[in-house]
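Between the sequences and the hints, there should be enough to build the whole structure, so can you do that?
Chains as they are written, first to last, in our numbering: chain U, 80 to 310; chain L, 270 to 494.
In case anyone wonders, no lab produced these hints; they're calculated from the structure.
This structure is a prediction, so every number in the text was calculated from the model and none was measured.
Just to be clear, a hint being listed does not mean it is correct.
List of simulated lysine to any residue pairs, SDA-like, C-alpha gap at most 20 Å [unchecked claim]:
no. : chain 1 : residue 1 : chain 2 : residue 2
1   : L       : LYS403    : U       : ALA208
2   : U       : LYS153    : L       : GLU328
3   : U       : LYS153    : L       : VAL329
4   : L       : LYS336    : U       : ILE206
5   : L       : LYS403    : U       : PRO207
6   : L       : LYS441    : U       : ALA162
7   : U       : LYS153    : L       : LYS342
8   : L       : LYS441    : U       : LEU159
9   : L       : LYS342    : U       : ALA208
10  : L       : LYS441    : U       : ILE144
11  : L       : LYS403    : U       : GLY136
12  : U       : LYS220    : L       : ASP409
13  : L       : LYS441    : U       : ASP145
14  : L       : LYS441    : U       : PRO207
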Amino acid sequence: MSPASLTRTEMAQRVAADIPEGAYVNLGIGLPTRVANFLPSEREVILHTENGMLGMGPEAQGDDIDPDLTNAGKIPVTALPGASYFHHADSFGMMRGGHLDIAVLGAFQVAANGDLANWHTGEPGSIPAVGGAMDLAVGAKRVFVMMELTTKTGESKLVKFLSYPVTGLGCVTRIYTEVAIFDIDTETGLSVIELFGDATLASLRELTGLPLLDATVSPPAASSTATGLAE
Amino acid sequence: MVSKVVDGVDAAVADIPNGATIMIGGFGHAGQPIELIDALIRRGAGGLTIVNNNAGNGEVGLAMLIKSGFVRKMICSFPRQIDSQIFDEAYRAGRIELEVVPQGNLAERIRAAGAGIGGFFTPTGYGTLLAEGKESRIIDGRGYVFESPLHADFALIKAHTADRWGNLVYRKTARNFGPIMATAAAVSIAQVSEIVPLGELDPESIITPGIFVNRVVETSTEAHS
Numbered sequence: 080m081s082p083a084s085l086t087r088t089e090m091a092q093r094v095a096a097d098i099p100e101g102a103y104v105n106l107g108i109g110l111p112t113r114v115a116n117f118l119p120s121e122r123e124v125i126l127h128t129e130n131g132m133l134g135m136g137p138e139a140q141g142d143d144i145d146p147d148l149t150n151a152g153k154i155p156v157t158a159l160p161g162a163s164y165f166h167h168a169d170s171f172g173m174m175r176g177g178h179l180d181i182a183v184l185g186a187f188q189v190a191a192n193g194d195l196a197n198w199h200t201g202e203p204g205s206i207p208a209v210g211g212a213m214d215l216a217v218g219a220k221r222v223f224v225m226m227e228l229t230t231k232t233g234e235s236k237l238v239k240f241l242s243y244p245v246t247g248l249g250c251v252t253r254i255y256t257e258v259a260i261f262d263i264d265t266e267t268g269l270s271v272i273e274l275f276g277d278a279t280l281a282s283l284r285e286l287t288g289l290p291l292l293d294a295t296v297s298p299p300a301a302s303s304t305a306t307g308l309a310e
Numbered sequence: 270m271v272s273k274v275v276d277g278v279d280a281a282v283a284d285i286p287n288g289a290t291i292m293i294g295g296f297g298h299a300g301q302p303i304e305l306i307d308a309l310i311r312r313g314a315g316g317l318t319i320v321n322n323n324a325g326n327g328e329v330g331l332a333m334l335i336k337s338g339f340v341r342k343m344i345c346s347f348p349r350q351i352d353s354q355i356f357d358e359a360y361r362a363g364r365i366e367l368e369v370v371p372q373g374n375l376a377e378r379i380r381a382a383g384a385g386i387g388g389f390f391t392p393t394g395y396g397t398l399l400a401e402g403k404e405s406r407i408i409d410g411r412g413y414v415f416e417s418p419l420h421a422d423f424a425l426i427k428a429h430t431a432d433r434w435g436n437l438v439y440r441k442t443a444r445n446f447g448p449i450m451a452t453a454a455a456v457s458i459a460q461v462s463e464i465v466p467l468g469e470l471d472p473e474s475i476i477t478p479g480i481f482v483n484r485v486v487e488t489s490t491e492a493h494s
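Structure below.
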């Protein structure tokens with residue numbers, strides 16, 4: 080990628096900028112977890128961890144480490160003032176019941192219609208493990224994907240049809256990559272809303288083979304409190 | 270006088286037979302009833318079906334139960350982890366059967382069993398490999414999959430505090446599957462750090478009412494490993 084495309088840290092900063100005050104948010108394991116590091120301290124965002132807590136704080140250090148207080152990645156974390164604990168059926172009920180505002184997830188592939196693949200490579204001999212991926216995909220009001228746009232061999236992970244096993248149908252609403260941000264709207268289709276580095280509509284259309292709409296002149300559609308690219 | 274207090278973890282699991290279906294609480298190490306699992310290994314019942322979110326971590330608890338060869342089948346959502354080497358090896362060697370269930374469906378199937386529900390339609394998993402062979406239905410324009418309740422013969426769970434009626438209070442995210450598993454098994458067994466006199470638990474704070482619990486056993490130290 081070009082030197083001016085976003086680093087993984089900058090991608091996390093960019094996603095954090097779009098998460099509004101008051102949002103109930105689940106950050107998936109891996110790259111999405113880093114988004115928490117860039118939420119401004121003055122903005123109250125309530126993090127959900129599906130093993131049973133709202134109001135999750137930063138990773139625990141030193142004497143704060145408590146084996147009974149972990150996140151979905153089984154890493155010791157802290158609880159913020161206002162935190163609450165609940166059992167698994169409640170935790171997934173709040174997800175599936177549409178109470179969670181945003182889930183930020185990683186992906187193997189996303190299709191132009193919002194189909195998501197992020198749970199299983201389908202390779203022979205691989206052990207399938209799904210965890211909460213399918214629940215998050217169908218449950219959150221908005222599903223943000225964070226991923227590099229291409230595989231290690233240079234193929235687009237944004238595709239017309241998934242080749243990996245599906246996690247959820249038509250669930251992804253926005254995709255953050257190192258070269259562009261994409262919006263998926265069930266009526267208008269797949270559009271590019273921001274470009275980074277020397278990426279262009281033409282280069283992305285060629286890479287993905289998709290008829291990407293140009294929405295780069297529009298302001299980010301996240302919310303009135305989104306602040307744009309973090310400095 | 271009602272007392273569900275059992276003297277020691279071995280006595281608590283002494284009647285678990287070969288071929289039992291057993292729910293085991295915990296999410297990784299948090300809430301995993303290590304001492305009860307160790308007692309189950311000593312008990313030596315084989316051909317077990319185990320329900321847990323994972324399939325063992327490291328070389329302790331559920332992982333050791335699998336290593337012992339007593340587990341015929343795992344029903345879980347997330348078997349593959351960086352420290353799930355014991356399960357991975359047993360699975361690849363064909364010694365253990367695996368049923369993967371999306372985590373929320375696993376929780377809801379357990380909850381449904383405990384609440385007397387005959388099954389439910391859920392959007393989770395619709396259109397995926399994990400819905401194959403299951404009834405599906407479009408409701409108000411959205412796809413749903415039919416999932417059945419998941420019952421067990423025994424549940425082994427970990428809570429923080431109990432009284433002799435089996436009322437339970439949990440600790441932080443170690444609560445996870447405990448409250449729902451307690452409802453879904455014919456015999457629910459809770460290990461706790463402390464058993465307090467009846468009346469000492471605040472009724473407003475009790476998470477699992479004792480009606481769902483058959484046996485409680487105090488373990489002297491918490492399993493932190």
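Taking the hints in turn, this is what the structure says about them:
A hinted pair counts as satisfied when its Cα atoms are at most 20 Å apart, and LYS403(L) with ALA208(U) qualifies at roughly 19 Å. Proximity of LYS153(U) to GLU328(L) is assessed by CA-CA distance (about 16 Å); at most 20 Å being required, the pair is judged to hold. For the hint pairing LYS153(U) with VAL329(L), the CA-to-CA distance comes to about 15 Å; that is within 20 Å, so the pair holds. Distance hint between LYS336(L) and ILE206(U) is fulfilled; the C-alpha atoms sit about 18 Å from each other, no more than 20 Å.
Between the alpha carbons of LYS403(L) and PRO207(U) the distance comes to roughly 18 Å, so the proposed pair stays at or under 20 Å and holds. With a C-alpha separation of about 10 Å, the suggested pairing of LYS441(L) with ALA162(U) holds against the 20 Å cut-off. At most 20 Å may separate the alpha-carbon atoms for a hinted pair to count; LYS153(U) and LYS342(L) exceed this at roughly 24 Å. Restraint check for LYS441(L) and LEU159(U): the C-alpha separation of about 12 Å stays at or below 20 Å, so the hint holds.
With a C-alpha separation of about 15 Å, the suggested pairing of LYS342(L) with ALA208(U) holds against the 20 Å cut-off. Of the pairs offered as hints, the one joining LYS441(L) and ILE144(U) holds, with about 12 Å between alpha carbons and a cut-off of 20 Å not exceeded. Simply put, LYS403(L) and GLY136(U) have alpha-carbon atoms about 39 Å apart, too far for the 20 Å limit, and the pair is violated. Annotation: proposed proximity of LYS220(U) to ASP409(L) holds, straight-line Cα distance about 17 Å (limit 20 Å).
Between LYS441(L) and ASP145(U), the direct Cα distance comes to roughly 9 Å. Compliance with the 20 Å bound is thereby established for this hinted pair. Note on LYS441(L) and PRO207(U): the hinted pairing is violated, with a Cα-Cα distance of about 29 Å set against a maximum of 20 Å.
Against the hints set out earlier in the document, violations occur for numbers 7, 11, 14.
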